[in-house]
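Could you put together the complete structure from these sequences and hints?
Protein sequences appear in the order of chains X and G.
Using our numbering, read the first sequence as starting at 1 and increasing by one per residue.
Using our numbering, read the second sequence as starting at 1 and increasing by one per residue.
No lab work stands behind these hints, which were simulated from the structure alone.
Don't take every hint at face value.
[Claimed, not checked] Cross-link-like lysine-lysine pairs, in silico, DSSO-like; alpha carbons within 30 Å at most:
| no. | chain 1 | residue 1 | chain 2 | residue 2 |
| --- | --- | --- | --- | --- |
| 1 | X | K87 | G | K54 |
| 2 | G | K415 | X | K225 |
| 3 | G | K610 | X | K87 |
| 4 | G | K418 | G | K340 |
| 5 | G | K531 | G | K601 |
| 6 | G | K340 | X | K86 |
| 7 | X | K219 | X | K186 |
| 8 | X | K128 | X | K219 |
| 9 | G | K8 | X | K82 |
[What the hints assert, rightly or not] Short derived list, chain X residues pointing at chain G, Cβ under 8 Å:
| no. | residue |
| --- | --- |
| 10 | S42 |
| 11 | R52 |
| 12 | F83 |
| 13 | T108 |
| 14 | E371 |
| 15 | K372 |
Given the structure is predicted, the values throughout are model-derived calculations rather than measurements.
Glycine residues also receive a C-beta, built at the ideal position from the N, C-alpha and C atoms.
Here are the chains, one letter per residue:
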Amino acid sequence: MNTTMKEGFNLAMMKGLKKWRLFSLLAALTIFLSGCGEEYLSTLTPAGQVGRDQFNLLLLSTAIMTLVVIVVVIIYVLALVKFRRKKVGENVIPKQVEGSHTLEVIWTVIPILLLIVLAIPTVIYTYKHADVSAMDHVDADGNKTAVTVNVTAKLYWWEFEYPDLGVVTAQELVVPTGEKVYFNLKAADVKHSFWIPAAGGKLDTNVENVNQFYLEFDKESAGLKDGVFYGKCAELCGPSHALMDFKVKTLNRTDFNAWVESAKTTEAVAEGDLATQGEEIFNTSCIACHATSAAGSAGGVGPNLAAFGDRNRVAGFMEHTEENLKNWINDPQSYKPGNLMPQPEQLNNGEKFSDEQLDALAEYLMGLSIEK
Amino acid sequence: MSSIAQKKGFGATLWDYLTTVDHKKIAVMYLIAGGLFFVIGGIEAMLIRIQLAKPDNDFVSAGLFNEIITMHGTTMIFLAAMPILFGFMNAVMPLQIGARDVAFPFLNSLGFWLFLFGGIFLNLSWFMGGAPDAGWTSYASLSLASPGHGIDFYAIGLQIAGAGTYIGGINFLVTIINMRAPGMTYMRMPLMTWTTFVASALILFAFPPLTIGLFFLILDRMFGGNFFDHTMGGNTIIWEHLFWIFGHPEVYILILPAFGIFSEIFAIFARKRLFGYSSMVFATVLIGFLGFMVWAHHMFTVGLGPTANAIFAVATMAIAVPTGMKIFNWLLTIWGGSIKVTVPMLYALAFIPSFVAGGVTGVMQGAAPLDYQLHDSYFIVAHFHYVIVGGVVLAILAALHLYWPLMFNQMLSEKLGKWTFWFFFIGFHMTFFIQHFLGLMGMPRRVFTFGADQGWDLFNLISSVGAFFMAAGVIILVVNIIITAVKNVPVGNDPWEDGRTLEWAIPQPVPFYNFKQTPLVRGLDTFWIEKQEGNKEGMTYAEPLSDIHMPNNSFIPFMMTVGLFIAGFGALYNGEKEWAVPVLVLGLAITVASMAVRSVKDDHGFHIHKEDLMNEKGGK
Numbered sequence: 001m002n003t004t005m006k007e008g009f010n011l012a013m014m015k016g017l018k019k020w021r022l023f024s025l026l027a028a029l030t031i032f033l034s035g036c037g038e039e040y041l042s043t044l045t046p047a048g049q050v051g052r053d054q055f056n057l058l059l060l061s062t063a064i065m066t067l068v069v070i071v072v073v074i075i076y077v078l079a080l081v082k083f084r085r086k087k088v089g090e091n092v093i094p095k096q097v098e099g100s101h102t103l104e105v106i107w108t109v110i111p112i113l114l115l116i117v118l119a120i121p122t123v124i125y126t127y128k129h130a131d132v133s134a135m136d137h138v139d140a141d142g143n144k145t146a147v148t149v150n151v152t153a154k155l156y157w158w159e160f161e162y163p164d165l166g167v168v169t170a171q172e173l174v175v176p177t178g179e180k181v182y183f184n185l186k187a188a189d190v191k192h193s194f195w196i197p198a199a200g201g202k203l204d205t206n207v208e209n210v211n212q213f214y215l216e217f218d219k220e221s222a223g224l225k226d227g228v229f230y231g232k233c234a235e236l237c238g239p240s241h242a243l244m245d246f247k248v249k250t251l252n253r254t255d256f257n258a259w260v261e262s263a264k265t266t267e268a269v270a271e272g273d274l275a276t277q278g279e280e281i282f283n284t285s286c287i288a289c290h291a292t293s294a295a296g297s298a299g300g301v302g303p304n305l306a307a308f309g310d311r312n313r314v315a316g317f318m319e320h321t322e323e324n325l326k327n328w329i330n331d332p333q334s335y336k337p338g339n340l341m342p343q344p345e346q347l348n349n350g351e352k353f354s355d356e357q358l359d360a361l362a363e364y365l366m367g368l369s370i371e372k
Numbered sequence: 001m002s003s004i005a006q007k008k009g010f011g012a013t014l015w016d017y018l019t020t021v022d023h024k025k026i027a028v029m030y031l032i033a034g035g036l037f038f039v040i041g042g043i044e045a046m047l048i049r050i051q052l053a054k055p056d057n058d059f060v061s062a063g064l065f066n067e068i069i070t071m072h073g074t075t076m077i078f079l080a081a082m083p084i085l086f087g088f089m090n091a092v093m094p095l096q097i098g099a100r101d102v103a104f105p106f107l108n109s110l111g112f113w114l115f116l117f118g119g120i121f122l123n124l125s126w127f128m129g130g131a132p133d134a135g136w137t138s139y140a141s142l143s144l145a146s147p148g149h150g151i152d153f154y155a156i157g158l159q160i161a162g163a164g165t166y167i168g169g170i171n172f173l174v175t176i177i178n179m180r181a182p183g184m185t186y187m188r189m190p191l192m193t194w195t196t197f198v199a200s201a202l203i204l205f206a207f208p209p210l211t212i213g214l215f216f217l218i219l220d221r222m223f224g225g226n227f228f229d230h231t232m233g234g235n236t237i238i239w240e241h242l243f244w245i246f247g248h249p250e251v252y253i254l255i256l257p258a259f260g261i262f263s264e265i266f267a268i269f270a271r272k273r274l275f276g277y278s279s280m281v282f283a284t285v286l287i288g289f290l291g292f293m294v295w296a297h298h299m300f301t302v303g304l305g306p307t308a309n310a311i312f313a314v315a316t317m318a319i320a321v322p323t324g325m326k327i328f329n330w331l332l333t334i335w336g337g338s339i340k341v342t343v344p345m346l347y348a349l350a351f352i353p354s355f356v357a358g359g360v361t362g363v364m365q366g367a368a369p370l371d372y373q374l375h376d377s378y379f380i381v382a383h384f385h386y387v388i389v390g391g392v393v394l395a396i397l398a399a400l401h402l403y404w405p406l407m408f409n410q411m412l413s414e415k416l417g418k419w420t421f422w423f424f425f426i427g428f429h430m431t432f433f434i435q436h437f438l439g440l441m442g443m444p445r446r447v448f449t450f451g452a453d454q455g456w457d458l459f460n461l462i463s464s465v466g467a468f469f470m471a472a473g474v475i476i477l478v479v480n481i482i483i484t485a486v487k488n489v490p491v492g493n494d495p496w497e498d499g500r501t502l503e504w505a506i507p508q509p510v511p512f513y514n515f516k517q518t519p520l521v522r523g524l525d526t527f528w529i530e531k532q533e534g535n536k537e538g539m540t541y542a543e544p545l546s547d548i549h550m551p552n553n554s555f556i557p558f559m560m561t562v563g564l565f566i567a568g569f570g571a572l573y574n575g576e577k578e579w580a581v582p583v584l585v586l587g588l589a590i591t592v593a594s595m596a597v598r599s600v601k602d603d604h605g606f607h608i609h610k611e612d613l614m615n616e617k618g619g620k
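So this is what it looks like as structure tokens:
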């Protein structure tokens with residue numbers, strides 16, 4: 001081995017060592033951060049490519065910024081320890097230094113370099129995550145290859161329409177795994193913002209224009225705590241902004257296709273006497289706003305209830321029990337202030353629904369399912 | 001609190017303050033009014049944290065919570081932070097440049113009263129049907145949909161207060177350009193003056209977009225306009241742009257004076273000239289300039305498209321460079337100095353790590369795709385509290401201790417000051433550090449409650465406990481102020497012993513005409529130079545003792561403001577109450593009549609004669 005080779009070798013070693021250091025810093029960060037939060041909700045446990053890109057950007061920026069903080073803290077602590085008046089002496093007049101060009105150049109150039117390191121992936125990902133060009137690709141038969149969901153945000157619920165599949169649902173988004181799912185986002189009343197933290201960043205639903213982006217989901221949600229990912233409204237939209245949650249069910253492509261088929265064909269049926277009674281009440285009081293068939297298009301006054309029995313939550317945020325459902329129907333304003341569902345008195349001749357009526361309604365609604 | 005004021009009756013003192021055009025008295029009024037609003041905003045903050053201390057809490061209702069967060073943000077920015085900083089600018093800047101007052105003393109008074117009455121108008125909403133509830137940003141679709149008069153109070157109140165700020169900003173600009181003492185070149189101006197200058201320039205350019213946005217909102221809500229109603233061809237995104245074209249520079253309007261205050265403190269308590277003075281000035285101007293180029297980073301998720309997002313992302317990152325320059329210059333100022341840890345210095349030292357933490361999270365949010373995750377989550381709440389509390393509020397608390405002897409000729413207790421500091425500092429980090437993680441864990445901001453078992457319960461509780469520490473700190477501060485005011489021990493000029501700039505050279509209490517003779521400024525840190533050369537008086541004079549021309553007090557600014565205040569109610573109830581239009585007209589008539597009186601009546605001010613000046617000994 002001659003000297004140049006040795007030097008080269010050493011250099012490579014050093015480089016490797018440096019890389020290894022950065023890698024270990026990143027690895028430590030990853031472990032530390034992913035310890036935070038729940039898998040179905042946290043941005044720190046990304047569930048798809050978009051979320052993962054953004055998480056990587058988080059790691060990179062955190063690493064760079066940690067470096068800056070460490071440098072500042074070292075200088076700061078040293079200055080504090082070395083130059084306290086007790087140490088320097090009470091009557092010492094320090095040298096009145098004007099400044100230093102060299103230092104100014106150093107702390108201008110190094111930050112610029114660090115920022116360039118961050119700016120490059122930032123710009124690349126900005127374009128990448130806005131690229132919806134494949135949205136309209138069609139196969140040989142003229143069918144769209146990708147799933148597109150039209151999301152309409154309303155006070156305080158979410159409508160999900162699959163325009164190419166002829167299906168509409170509410171509150172629970174169902175998407176296939178392992179492919180890009182495209183979204184058209186719009187608000188029906190005031191501005192909201194569509195956010196599935198585990199899958200990727202948010203995009204606003206504006207009142208005057210449609211926003212488009214895509215998300216990806218790697219795995220089926222069945223294994224998660226509630227069997228779903230959590231979605232949130234991220235823009236203040238009124239009193240019940242905090243309660244404007246939705247859920248995301250991810251299925252593999254085969255199951256997703258089966259779900260779509262079932263959604264298109266399932267008719268609402270009341271099984272048993274109680275449910276039939278419930279259906280009658282529903283048909284006089286509720287059907288004007290709530291559809292019970294998932295086949296169709298967007299534009300419901302109230303959430304589509306075709307899949308109500310499959311849902312994870314009542315009104316988007318309460319545990320899915322008959323008790324909660326009955327409470328909700330009989331006093332929606334106290335549970336979700338400012339929502340647009342009429343109070344029972346407006347629907348039921350000026351009175352609250354009786355216990356019998358509620359039992360029947362609950363029985364009927366809980367029986368509405370497209371997954372069975 | 002000067003000895004003169006105590007000898008006067010209460011009525012006479014009140015009349016004196018209602019009519020004063022003296023920048024020092026106006027500064028005191030800004031401080032008191034801003035302090036009051038700070039306490040109100042603080043109480044609102046406590047209510048927020050109590051509500052969020054545990055999941056599914058029902059301490060306040062959903063609608064009330066939105067009113068509280070809206071008023072907390074609006075109050076803290078417009079009615080607490082900015083006015084208090086205006087107070088310090090008013091108190092210090094004219095003295096620093098060797099001026100007898102600001103350029104337009106009458107306007108100075110008008111600016112204050114407009115701010116105060118605008119703030120009162122806004123807060124009256126609590127008692128008149130409900131406060132605004134669309135967030136301090138008041139995004140158009142929600143603010144148009146909001147029932148009641150809350151948003152109307154917001155729009156009109158901020159319009160009145162904003163006019164005051166605008167007038168104040170112009171006044172400071174003209175003052176600094178025209179009223180500097182001989183020898184006070186631009187590159188000898190202390191950093192506090194420089195940052196006042198740049199912040200005022202930002203006000204000059206940033207407030208008109210807000211004014212326009214607010215007028216659109218007023219017209220839309222009260223007079224049937226359709227600027228933001230998309231069903232009538234309007235567009236809500238216009239509001240977002242107008243608001244943030246104002247809103248982002250606003251952040252720098254707040255933080256630049258804070259930088260100025262800390263620059264003074266580091267130099268004084270390290271007994272050392274500010275390191276890299278010219279680059280500090282350059283960085284200040286550059287930050288001010290870039291501040292106008294980045295507003296859309298508040299709108300990354302609006303759907304402006306990748307090109308706009310990429311450009312604004314890179315521009316945002318660029319701001320980190322001049323800000324970093326400042327941090328390192330401060331570090332190098334204390335490096336090699338002789339550091340004395342007084343209360344102001346304690347705040348300044350705490351500011352560096354706190355603000356750096358807030359700054360780096362800002363850069364993270366500048367990375368647009370990452371911001372898609374962070375935006376409108378608790379991460380952003382943590383970030384802006386790190387820069388506003390860790391920067392601006394720490395500066396305000398520091399300046400309160402630093403300039404208290406300058407403004408009142410008494411010293412706040414250092415011991416109690418340290419208690420305040422530690423409570424506030426620990427509470428601040430406890431409250432907000434953990435919120436970064438809440439955001440990353442998927443918690444959106446502006447939620448009135450949150451469901452249990454989403455992994456957020458413990459962190460929210462910790463955050464709420466921290467808020468109580470901060471409150472304890474503020475209570476100790478109030479006690480400190482009361483004790484100090486009651487004791488009233490005069491301390492004289494240069495109480496910190498290492499004052500470097502002109503304001504510390506003036507005898508205490510500061511005479512109402514400030515300088516008997518206009519000083520000659522012989523370099524940066526002119527008082528320091530005089531002291532080093534053994535000049536006992538602390539000043540070299542640029543002119544012989546001669547008559548001083550002073551402005552008369554005036555009640556007209558107060559009346560002009562009262563007119564607008566009354567007119568505000570007329571506009572607010574337009575179309576709803578019969579008396580609305582007459583009241584609107586009456587209010588505007590009062591304002592216009594007051595302006596006419598001001599225009600027609602000659603007011604040449606008065607002269608203090610040379611002989612009287614010679615008889616006075618320094619202070620009094």
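Going down the list of hints, with the structure as the test:
Under the criterion of a C-alpha separation no larger than 30 Å, the hint pairing X:K87 with G:K54 is inconsistent with the structure, at around 48 Å. In summary, the hint linking G:K415 to X:K225 is not supported, as the alpha carbons are separated by about 52 Å, beyond the 30 Å threshold. With a CA separation close to 49 Å, the supplied pair G:K610 and X:K87 exceeds the 30 Å bound. Between G:K418 and G:K340, the direct Cα distance comes to roughly 14 Å. Compliance with the 30 Å bound is thereby established for this hinted pair.
Using a Cα cut-off of 30 Å, the hinted pair G:K531 and G:K601 is violated, with the two alpha carbons roughly 46 Å apart. With a CA separation close to 8 Å, the supplied pair G:K340 and X:K86 stays within the 30 Å bound. Restraint check: the Cα-Cα separation between X:K219 and X:K186 comes to about 27 Å, which is no more than 30 Å; the hinted pair holds. The straight-line distance between the Cα atoms of X:K128 and X:K219 is roughly 22 Å, inside the 30 Å bound, and the hint therefore holds.
Using a Cα cut-off of 30 Å, the hinted pair G:K8 and X:K82 is violated, with the two alpha carbons roughly 51 Å apart. Evaluation of the X:S42 hint against chain G yields a held restraint, the C-beta minimum of about 5 Å falling below 8 Å. Of the supplied interface hints, the one on X:R52 is violated, with its beta-carbon coming no nearer than about 11 Å to a beta-carbon of chain G, more than 8 Å. Because the beta carbon of X:F83 sits about 5 Å from the nearest beta carbon in chain G, less than 8 Å, this interface hint is met.
Interface restraint check for X:T108: the shortest CB-CB distance to chain G comes to about 6 Å, inside 8 Å, so the restraint holds. Interface hint at X:E371: violated, since its Cβ lies 24 Å from the closest Cβ of chain G, which is beyond the 8 Å cut-off. The interface hint given for X:K372 is violated, since its Cβ lies 27 Å from the closest Cβ of chain G, which is over the 8 Å cut-off.
Hint check: violations occur at hints 1, 2, 3, 5, 9, 11, 14, 15; the rest are consistent with the structure.
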